[in-house]
Amino acid sequence: MKSWFVRFITSSIGKKVVMALTGLFLISFLAVHLAGNVQLMFGDGGQAFNEYAYFMTHNPVIKFTSYGLYAFILLHAIQGLILWNQNRLARGSQGYAVKRDRLATAPKSSLYMGSLGMVILIFIIIHMVQFWAQMKFTGNVAEVTYPGAEYAVKDLYTLVYTAFTNIWFVIFYVISMVFIAFHLFHGFESAFQTLGLNHKKWTPLIKFVGRAYSILVPLGFAIIPLYVYFYLNQ
Amino acid sequence: MALQSNVPAGELSEKWTQYRSSMPLVAPNNKRQLEVIVVGTGLAGGAAAATLGELGYKVKVFTFHDSPRRAHSIAAQGGINAAKNYQNDGDSVYRLFYDTIKGGDYRSREANVHRLAEVSTNIIDQAVAQGVPFAREYGGLLANRSFGGVQVSRTFYARGQTGQQLLLGAYQSLSRQISLGNVQLFNRHEMVDVVIQDGKARGIIARNLLTGKIERHAAHAVVLGTGGYGNVFYLSTNAMNCNVSAAWNAVKRGAYMANPCFTQIHPTCIPVSGEYQSKLTLMSESLRNDGRVWAPKSKEDARLIREGKKTGRELREEERDYFLERRYPAFGNLVPRDVASRAAKVVCDEGHGVSPTGLAVYLDFADAIQRYGKSRASTLNEHNASEARIRELGTAVVAEKYGNLFEMYEKITGENPYVMPMKIYPAVHYTMGGLWVDYNLQTNIPGLFATGEANFSDHGANRLGASALMQGLADGYFVLPYTIGTFLANEIRTPKIDPNGSAFLEAEAQVNERISRLMSIQGNQSVESFHRRLGHYVWDYCGMSRSAEGLAKGRQLIRELRDEFYRDVFVPGRADEYNPELEKAMRVADFLELGELMMVDANNREESCGGHFREEYQTEDGEALRRDDEFAYVAAWEWNDTEPILHKEELVFENVELKTRSYK
Amino acid sequence: MGAAAGAGKVFESQERSTKIIVTMGSENMKLTLKIWRQNNTNAKGRFETYTLDTVNEHMSFLEMLDVLNEQIISSKGEPVAFEHDCREGICGTCSLMINGYPHGPQQGTTTCQLHMRHFKSGDTITIEPWRSAAFPVVKDLVVNRDAFDRIIQAGGYVSVNTGQAQDGNAIAVEKEIANTAMDAATCIGCGACVAACPNASAMLFTAAKVSHLALLPQGEVESPQRAQRMIEQHDAEGFGRCTNITACEAECPKEISVEHIARLNREYLAASIGAVR
Chain C
1 MKSWFVRFIT SSIGKKVVMA LTGLFLISFL AVHLAGNVQL MFGDGGQAFN EYAYFMTHNP
61 VIKFTSYGLY AFILLHAIQG LILWNQNRLA RGSQGYAVKR DRLATAPKSS LYMGSLGMVI
121 LIFIIIHMVQ FWAQMKFTGN VAEVTYPGAE YAVKDLYTLV YTAFTNIWFV IFYVISMVFI
181 AFHLFHGFES AFQTLGLNHK KWTPLIKFVG RAYSILVPLG FAIIPLYVYF YLNQ
Chain E
1 MALQSNVPAG ELSEKWTQYR SSMPLVAPNN KRQLEVIVVG TGLAGGAAAA TLGELGYKVK
61 VFTFHDSPRR AHSIAAQGGI NAAKNYQNDG DSVYRLFYDT IKGGDYRSRE ANVHRLAEVS
121 TNIIDQAVAQ GVPFAREYGG LLANRSFGGV QVSRTFYARG QTGQQLLLGA YQSLSRQISL
181 GNVQLFNRHE MVDVVIQDGK ARGIIARNLL TGKIERHAAH AVVLGTGGYG NVFYLSTNAM
241 NCNVSAAWNA VKRGAYMANP CFTQIHPTCI PVSGEYQSKL TLMSESLRND GRVWAPKSKE
301 DARLIREGKK TGRELREEER DYFLERRYPA FGNLVPRDVA SRAAKVVCDE GHGVSPTGLA
361 VYLDFADAIQ RYGKSRASTL NEHNASEARI RELGTAVVAE KYGNLFEMYE KITGENPYVM
421 PMKIYPAVHY TMGGLWVDYN LQTNIPGLFA TGEANFSDHG ANRLGASALM QGLADGYFVL
481 PYTIGTFLAN EIRTPKIDPN GSAFLEAEAQ VNERISRLMS IQGNQSVESF HRRLGHYVWD
541 YCGMSRSAEG LAKGRQLIRE LRDEFYRDVF VPGRADEYNP ELEKAMRVAD FLELGELMMV
601 DANNREESCG GHFREEYQTE DGEALRRDDE FAYVAAWEWN DTEPILHKEE LVFENVELKT
661 RSYK
Chain A
1 MGAAAGAGKV FESQERSTKI IVTMGSENMK LTLKIWRQNN TNAKGRFETY TLDTVNEHMS
61 FLEMLDVLNE QIISSKGEPV AFEHDCREGI CGTCSLMING YPHGPQQGTT TCQLHMRHFK
121 SGDTITIEPW RSAAFPVVKD LVVNRDAFDR IIQAGGYVSV NTGQAQDGNA IAVEKEIANT
181 AMDAATCIGC GACVAACPNA SAMLFTAAKV SHLALLPQGE VESPQRAQRM IEQHDAEGFG
241 RCTNITACEA ECPKEISVEH IARLNREYLA ASIGAVR
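Residue numbers (our numbering), protein chains in the order written: chain C, 1 to 234; chain E, 1 to 664; chain A, 1 to 277.
None of these hints come from the bench; they were simulated from the model. Bear in mind the structure is a predicted one, so any value in this text is a computation, not a measurement. The beta-carbon is built from N, C-alpha and C at its ideal position, and this holds for glycine as well. Keep in mind that the hints are not guaranteed to be accurate.
To be verified - Restricting the straight-line Cα-Cα distance to at most 25 Å, the calculated cross-link-like pairs of lysine to any residue (SDA-like) are: (1) Lys76/A to Gln522/E; (2) Lys76/A to Lys553/E; (3) Lys120/A to Gln522/E; (4) Lys553/E to Gly622/E; (5) Lys99/C to Leu33/A; (6) Lys584/E to Asp66/A; (7) Lys120/A to Glu275/E.
Stated by the list, open to error - If the Cβ cut is set under 8 Å, some of the chain A residues that face chain E in the computed set are: (8) Ile90; (9) Arg117; (10) Ile125; (11) Arg145; (12) Asp167; (13) Asn169; (14) Lys175; (15) Leu216; (16) Glu232.
Produce the complete structure using the sequences and hints provided.
Structural data, given as structure tokens:
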């Protein structure tokens, strides 16, 4: 007899719950991330942003949380791939010659969560290699000591700023945000449904908040490279 | 041979209780050794199989459907009767018993009907416990509505899908027994013969419909819950695959068919629209609670409507003939089905019909919408509500009560019944006749039992609305599981029946022969075309009104058709594969014999009663003329090709006085 | 149906019925049918094309197929196998993917209730069986849906024996709750949810039963375990995993809502995490 936890976590609903919980965590992380990134637009030469980056990489609680974050990204991605494969097998070898997808309440993006997720995963890898790994594992990022500070911080701001003066990176980031928006557009409300939170009175509110969130947050992220490229860089 | 009904002695109201307490029982350890085959998974079969499994018998259950949940009980719409008297309107077991006897035009067995009324209350309790979501009042208690032929409100319902919900309750109980290993399910298996060994039913021959394989299955007893034979008419409200074959196999092995001419024509069905039509759709009798039935007073108006130059809505109040209310003021639109059907036929025959075929009358909700609209407006304190607002409110109430039926009507006809009065016409719906059974639901073949619509026992010559579900479940849950013990108690020393016995091999060989005969004809006409023609004959000569002359002609035509069938039918495909055409051919072959027996029975019964209306026997104002001195009996027929033999069971009425039914 | 929705529908379809009266007695329709033919489960299937010119708009879709089969039989061919029974939208036997829609383009309708007035002369109609690994094709358009029965057998019932029940009115059930339970209980087990689902998941079917019984006091007692056992069976049958796409609700002929899936999820979580077993 398998333990209750294994039974739960390997069942179809258990897997969905993992997707939902990790998804919701990643969604909330986006807001924190955006709040930090907004400091890129302060026009203070990057001091606020760099100090924030230092804090984020040195505070033990946040460090611990960030390992959770990486794990959740991996779990979300791997579980997603497993689901994608199981669903492919469940459809059987013979597909429909004609199939129209008419959905009741979910947005059309629900049909493409796997593909959207795959693209987003690639984005995350590039994004992490470009900034996080550069800062963490290479000596390519210079250090600065701001007046009054007792320690030097890495100048992540310049790294980001330089990247966003390249039009191709700007385009890449903006498009990636569109993908994230579509992914969230379904993912947000879907997570609540998976956790069993569907209520005649409250679901419309969840949907509204979710859809607003999934437009506004990626929009916020997308504005930053555009702002850097078109405004700060001039 | 006189038939023994085996009704126990004693007071009518005590018979069942006393009998139940004194009948032989089978001990639990013996039950495990006894095998029972149940054929059919509708209310009667499914409930019986589940309950027998609960009791500890080893049960094998057969259905030709892919799943037990598809049985046609699922299509019953309106409700189920029970003498709960929750409405405090004077209902009682006796009143339900009396209404059923009277509604059946005094052609059913008193003791059976009383038992039915007694257990009716247990059915509701059982169904609620199973999670059947019956309609409820705001206080959370069960709701009721009225049905035709009665003056109390005793019908329990789950929207317009009561049969579905009750069947799913039985199906779920059955599924539980399957998962517990007490019942073994054989889906997509059609019974093609019953095996009689040493004078007792000991098993069946079944065809695996997926592979065409013929299988022998043995048991200590066989229960048939295989439904009615309404599809002998081709067009009926029965599901396409409903058939008489299981029962007819039993008849051909010596079981008696009782009162086959008692067929029910339901007054409110959607009229036929063309020759291609494959089946008819019933609109629940519950609609007559609020709908008023009428036809144009003048034939001229009717003609204009038929030609599409006028609509029913345009006719003024005084131009309409509410013929049920006119003829039967006491019951009005809620007269029993046979009465309502015949009245509609009369007005259409006189030229007042309103569909292009001339065979339809109106069922109109305009008044109900007004009435409910005004009442709702008053509840909402809208005392100056406009006409449109009242309509809107009233429509909403009607939609809440009958929404799914109205939607169904609109899907089929393309007309909106909230605006245009519905068009309805009678159609074959139910068969009161069936295998003859005694009080134990045992046929004249020991060990062969019949439950639900497959037997003849409870509805006499006409069934009241919402009583079919009641009877199916009464038989399945509360009667057969007890009464089968009277047979099985004597079988505890009988070892497991061997399916390789000579009777089984012989029956199997005969089935194979029947199949190869059908396959080898390779004629030019489809099975469907024979069925359609048979349906026309039975409808024309043994339908809503019958005469000696017509019945003789009908019988002749059917015999000729049967010969032609065996000369010229074309069955495509092979016998050893999934072959729906072969299934159909085997069923139509049986209908071709049953149809003839119906004509014989109808001809024999020289009276009019219930659904059986003989033109020769009517009163001056066209009402049915029953002849109790000569025909107060059950006509049980022993089949043979040349001249079926009649066995009579005299009906004894000790508790009710035989009266002319009057709904005036 | 809510009061407002009911009333709104009337005025909308009032025009439709007038239109239909005008078009009554129209000419026969001519149709091209592309139908999936497959001899048995293991055989390779293919599309075959048929033309029909005797179709009448008052026919039901299945009556149109009857006409086709009569035509095929008259030329000694083998008719198209398709399943059907009650032909009034309640038994759940009929299926058919019609032009990419389970039960055809009209929502809230089974194939047997679909009428030819929703098509026009000259149309090409593609007819396929339900496609899912858990629903193998038996022949042509017929699939095997035994998996549904096994899901119910896993726990889709109340464990009560005949005769054990108390009085039907002993426990009051709130009208709204009973109505919602009924909404779920209207499932006809046709499999359109699986056919529609891009993941071939049977979650709506499973949820409908779990939700129906969970809502009622009689079924609530064993509800979490029921959810757990039915989900285990659902997964074992090879149905896909629900990703909340809601195509099932859109195509369900009984219009069962995905809110019942949420309730199933709740029951399942209660069983997995909350229960002491």
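Hints versus structure:
Restraint check: the Cα-Cα separation between Lys76/A and Gln522/E comes to about 9 Å, which is no more than 25 Å; the hinted pair holds. Our distance criterion of 25 Å between C-alpha atoms is broken by Lys76/A and Lys553/E, whose separation comes to about 33 Å. Taking the CA atoms of Lys120/A and Gln522/E, the gap is about 36 Å. The hint is violated against a cut of 25 Å. Annotation: proposed proximity of Lys553/E to Gly622/E holds, straight-line Cα distance about 24 Å (limit 25 Å).
A distance of roughly 16 Å separates the Cα atoms of Lys99/C and Leu33/A; the hinted pair therefore holds under the 25 Å criterion. Between Lys584/E and Asp66/A the CA atoms are separated by roughly 13 Å; this keeps the pair inside 25 Å, and the hint holds. A distance of roughly 21 Å separates the Cα atoms of Lys120/A and Glu275/E; the hinted pair therefore holds under the 25 Å criterion. Nearest Cβ of chain E to the Cβ of Ile90/A: about 5 Å, under the 8 Å cut. The hint holds.
At its closest, the beta carbon of Arg117/A sits 6 Å from a beta carbon of chain E; the interface hint therefore holds under the 8 Å criterion. Taking 8 Å as the C-beta contact cut-off toward chain E, the hint placing Ile125/A at the interface is violated, the least distance being around 17 Å. At a threshold of 8 Å, the smallest CB-CB gap from Arg145/A to chain E is about 6 Å, leaving the interface hint in force. Proximity of Asp167/A to chain E holds as hinted, the smallest CB-CB distance being about 6 Å (cut-off 8 Å).
Taking 8 Å as the C-beta cut-off, the interface hint given for Asn169/A holds, the closest approach to chain E being about 5 Å. A distance limit of 8 Å between C-beta atoms decides the matter here; for Lys175/A the minimum to chain E is near 5 Å, and the interface restraint holds. A distance limit of 8 Å between C-beta atoms decides the matter here; for Leu216/A the minimum to chain E is near 5 Å, and the interface restraint holds. Interface hint status for Glu232/A: violated, as the beta-carbon distance to the closest one in chain E is roughly 13 Å, over 8 Å.
Of the hints listed earlier, those the structure fails to meet are numbers 2, 3, 10, 16, in rising order.
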